[in-house]
Amino acid sequence: MADAADRNLTSSLFTIGAERLALLGKYHKVLMQGYLQGFVEETELSDSALKKLIAARILWRPDETQSLTLRPQLSELIASMVSDENRRQVNADVAQKLEQIHNRVQAYKEAQFKGDYTVAEMQLQRLTELVHDLSGQFEEAIDSLWNRLNTDFGFVGSLNEKIRENERAQQQLRRLLDGLQLIDFNQMIELAEGNSHLRKLLVSRLQHQLSGHHGSLLEVQKRLIALLAKFRQQQSRSLLINNMVSFLRQHPAYSPADYPPSQ
Amino acid sequence: MIQHGPLLERLLAGDFVCAISDPDGYRHLSDGETRDAINHYLRPLNRRLASNDDKSVYFLAYQELTPEAREQISQQFALTVQSLLPVLEWLQLVQETLGHDSALSAGDTLKLQEFVLRAEDNQSLRQRLQTLANDRFFNSQSEALDQQVKLIFRRLKDHGYLQQPHGDRHYYVVTGKIDYLLDMIRFIRDEEHLPVEDDPTQEVLL
Chain A
1 MADAADRNLT SSLFTIGAER LALLGKYHKV LMQGYLQGFV EETELSDSAL
51 KKLIAARILW RPDETQSLTL RPQLSELIAS MVSDENRRQV NADVAQKLEQ
101 IHNRVQAYKE AQFKGDYTVA EMQLQRLTEL VHDLSGQFEE AIDSLWNRLN
151 TDFGFVGSLN EKIRENERAQ QQLRRLLDGL QLIDFNQMIE LAEGNSHLRK
201 LLVSRLQHQL SGHHGSLLEV QKRLIALLAK FRQQQSRSLL INNMVSFLRQ
251 HPAYSPADYP PSQ
Chain B
1 MIQHGPLLER LLAGDFVCAI SDPDGYRHLS DGETRDAINH YLRPLNRRLA
51 SNDDKSVYFL AYQELTPEAR EQISQQFALT VQSLLPVLEW LQLVQETLGH
101 DSALSAGDTL KLQEFVLRAE DNQSLRQRLQ TLANDRFFNS QSEALDQQVK
151 LIFRRLKDHG YLQQPHGDRH YYVVTGKIDY LLDMIRFIRD EEHLPVEDDP
201 TQEVLL
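So the protein lines, in turn, are chains A and B. First residue of the first sequence? That's 1 in the numbering used here, and the numbers climb one at a time after it. First residue of the second sequence? That's 1 in the numbering used here, and the numbers climb one at a time after it.
Since the hints were derived computationally from the structure, they do not count as laboratory data. A few of these clues could be false.
Where chain B lies over chain A, by a calculated footprint (3+ residues, C-beta under 8 Å) [said to hold, decoys possible]:
{"id": "1", "region": "199 to 207"}
{"id": "2", "region": "244 to 253"}
To give an idea of the interface, some chain A residues facing chain B are shown, with a C-beta separation under 7 Å as derived from the structure [to be verified]:
{"id": "3", "residue": "L159"}
{"id": "4", "residue": "L239"}
{"id": "5", "residue": "L240"}
{"id": "6", "residue": "I241"}
{"id": "7", "residue": "P256"}
Think of the CB as a built atom: it goes at the ideal place given N, C-alpha and C, for glycine as much as any other residue.
Chain A on its own, in the form it takes in the complex (with noise of 0.2 Å):
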């Protein structure tokens, strides 16, 4: 009987999730088009459409007076999808992760103080996401930093962009490394106290992952600045020989004095 219940709620949860992800790829255009401007268009759809799209929690009116938007997974899983580094950067807000967690902790130990024990689960599944979503962030900048790194910044044609790029590159890793330094892991230690569930959460696995992407953190650092000394050498080599072709140009008749070279 139990089976035959869950087989059911697969197969729902199936259909609706199916119908929903084509939601995303009929609409694809006014929805990107929404991503970029970050409102979308409502004459562009029809009522119908909009129902939809708004039932299926793609689209959302933070308020009244605003206009419709994507939700902000849906955001950030283009923002993904397109490695679009200024979102991402955006979305680094470690700090502001941190208060949701905060929050959530507190919410959590309330329903459990009133034994409200479903709503403790449901909230503990939250943290779980936020926490994990946290440590993911890191995770998907990091990647993209290993990225850049192991393709020498082939994306951009010339040296001097290559040389702007690492630069860029090494901004941002000091920003997470910033961000890094936020959290706070005696606080943490604070916040679940007395929670074995807590704990390991806050406590242990966060602590694992992030000093894990500490290590990542200095290991790119240490190659980007060697690759930009290399970059600057290239440079300077590249320099060098333009300088003196022109200068032997322009005095044909120079001979340096008659000495020894440096050995």
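With the hints as your guide, set chain B onto chain A.
Frame of chain A, contents of chain B only:
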């Protein structure tokens, strides 16, 4: 010392030994004890091992600057100075022709055919290549582009700037002697106070 016989002969003949031109020899020379042994052997010949700052290329220098040594060095120096402009221009040409974003450095591979193909379609590159080939350092008499390029590459190989791993195949590897040449340019610039800037940050300010 017998095991290093061929290496010593190369060095005494004036060769530059780097990881590309002679990987085994270079490996031996990277070892401090071997260098000491070679220096010990070279002392009666008034020679010693020298290298550039990066230690990417080794060559022989004189132990003491006797009048004969000075005469010998002057000749070599004059030869290198004479080759300076043509080799540098060639470096520029290669960089532009192949569309590289940096100058050639030791270990880079060059395919003669690719170079010819790219230069063929570009009138201004052809023109510059022709002028370069006619320079007395390369001294080409030919009108044909591929002959000119072949000659240029051969001369650079003779001078130790290029290595040809297979005699019958026209691909070349840049040797560490290029590093030596650039070091020498920096030396001349510093000694003679030439206005030849190589600091990228300074260049921006200018």
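For each hint, the structure was consulted:
1. 199 to 207: n = 0 at 8 Å, threshold three: violated.
2. 244 to 253: holds (count 5)
3. L159: Holds: closest Cβ of chain B sits about 4 Å from L159 of chain A, inside 7 Å.
4. L239: 5 Å, holds
5. L240: 4 Å, holds
6. I241: 5 Å, holds
7. P256: Where the cut-off is 7 Å and the nearest Cβ of chain B is about 5 Å from P256 of chain A, the hint holds.
The structure is inconsistent with hint 1 alone, although it conforms to all the rest.
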